[in-house]
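**Q** Fit chain B to the supplied structure of chain X, relying on the hints for placement.
Listed below, chain by chain, are the residues.
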Amino acid sequence: MSNDRPLASRSYDVADADAANELFQKNGWTDGLPIVPPTEASVRAFLDAASLAPADVVGVEPVRRRHITAEKVAIAAVMAGGRPDYMPVVVAIVQAMCEPPFGLHGSTASTGGSAPFIVVNGPVATLIGMNATHNVLANGNRANATIGRATRLLIVNALGGIPGQLDRSTLGHPGKFTFCIAEDEEDSPWAPLASERGVALGASAVTVMAAESPHQVMNDWTRDPRDLLTTYVAGIRANMLTYSIWAGNYALIVPKQHRNVLVKAGWSKKDIREYVFEGARVTRREWRTVGKAAVASRKDEDQVYTALRSPDDLLVVAAGGPAGGFGMIVPPWYGSKALAVTKTIGGPR
Amino acid sequence: MTLRVLDPRLDAEGEAVTMAPSLTSLHGTVVGLLDNAKIGTETYLDHIEVILKSRFGVREVIRRRKPDASRPVPPEMLGELSGADAILSAVGD
Chain X
1 MSNDRPLASR SYDVADADAA NELFQKNGWT DGLPIVPPTE ASVRAFLDAA
51 SLAPADVVGV EPVRRRHITA EKVAIAAVMA GGRPDYMPVV VAIVQAMCEP
101 PFGLHGSTAS TGGSAPFIVV NGPVATLIGM NATHNVLANG NRANATIGRA
151 TRLLIVNALG GIPGQLDRST LGHPGKFTFC IAEDEEDSPW APLASERGVA
201 LGASAVTVMA AESPHQVMND WTRDPRDLLT TYVAGIRANM LTYSIWAGNY
251 ALIVPKQHRN VLVKAGWSKK DIREYVFEGA RVTRREWRTV GKAAVASRKD
301 EDQVYTALRS PDDLLVVAAG GPAGGFGMIV PPWYGSKALA VTKTIGGPR
Chain B
1001 MTLRVLDPRL DAEGEAVTMA PSLTSLHGTV VGLLDNAKIG TETYLDHIEV
1051 ILKSRFGVRE VIRRRKPDAS RPVPPEMLGE LSGADAILSA VGD
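Protein sequence lines, in the order shown, are assigned to chains X and B. Counting in the working numbering, the first sequence runs from 1 upward without gaps. Counting in the working numbering, the second sequence runs from 1001 upward without gaps.
The shape of chain B in the complex, shown without the other chains:
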């Protein structure tokens, strides 16, 4: 005699999210830097910004700071970042 048991997991819903295609070069691009609002993130991203501009020729960065580390980015902030060619979301705990 067998026992038929049920899978306890909940499947993810909706369309699968895929990564945007990689940029071939950062030269002349606009990069969004999203700060997750933790204490060390700002300093960390300051360094990243310098490196992106001086070493990789990034033209412009868009810096935004989430209002709360444990909640999603507000839609209007996502909109502000949408003009970037690439976005870095950083956790500087």
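Bound conformation, chain X alone:
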């Protein structure tokens, strides 16, 4: 497929993989961790796996109009340490991030320091061996780790999202290294996230949102779905008060133990979204309780702010290990200035 088309990238001759890594480190072309050297052979293998030619444009970043070629996506995916069969997933992530509602430029450049949070649905997650259970948000799985990392390396190298340059993050968060999970569709009776967002059942898709650091909640002590979700709601309310009050997409990662409580009570994802939409709201006056009196008084303090613009803004994801009453709240970067986008893997470009 790609083998008869020339590659556009400049090349450098180095002694070996160690020397390649030193070159990339010295030039600031990494996230700080070692990379796998992108060679013509490896890049072509990744392009072939996604049936792409090197010059194919995977997406156009809408603000600075950077045309992101398949070749640069493949280079990032190789560098991240992935396998060729991950490439179609990375391509779909780039397509999603280039949709204007995603807000790629703003969320990359912002002092707020967000990271693309990626959820993979459908058969591809099993085919490439993604993790949806133990330690789902962290280390241990090659696909989860390197698909998210490829996304970051592409932002650094193709979009210039270099810390202190275009990336103005004050702090950033660890998800900027990698922040990618699969949904545990096998062990959940709920509709998968992607199908709730319009993707045909049985198709594979990614959902991506510019997210702040995840916040873990714990409730081991109830069998009441309302009590359980009230804990999540409290976490969201805390984020609204201490971080950003603006409504947008929040993701909830609901582990098996919590799913058992909710499913036994007959609650669907839709029920969860509606309950959280009603509960996750604050009044402007409450800013006074967290040291923000100086800003509270600028407008009507009785004004009510919801975390979500509507129940559909909540992304409910089944994932996590089989034991433990821990759930995760993934907050948005900055309200609705950056929204979650879902893309079918292998869909039209």
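Treat the hints as calculated values from the structure; they're not laboratory data. Bear in mind the structure is a predicted one, so any value in this text is a computation, not a measurement. There may be inaccurate statements among the hints.
Selected chain B positions facing chain X (in silico; Cβ < 7 Å) [unchecked claim]:
(1) T1002
(2) L1003
(3) R1004
(4) L1006
(5) P1008
(6) L1010
(7) K1066
(8) S1070
(9) P1072
(10) V1073
(11) D1085
No residue lacks a Cβ here, since even glycine has one placed at the ideal position from N, Cα and C.
**A** Just chain B now, with coordinates in the frame of chain X:
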């Protein structure tokens, strides 16, 4: 034996953008003041406007506020600013 590795960077495309030539004097000019919509920008530009007029003899300012700090200036707003001799784009975070 050597290893040939590929450059991961994406080159910028299109014609290089250059700065407009500097004005020799602000006296009698029209200056555009573009507010990026952040919370402190308006107050900041209020001061700038006073200084430009009182100290530098600027004849007129065109003030516009972006609808969204993280997205580009809408084309019609750029058009409105195009009559200015110089434009200041300010970030008042």
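**Q** Please list, smallest to largest, the hint numbers that this structure does not respect.
**A** The structure breaks hints 7, 10 and 11; every other hint is satisfied.
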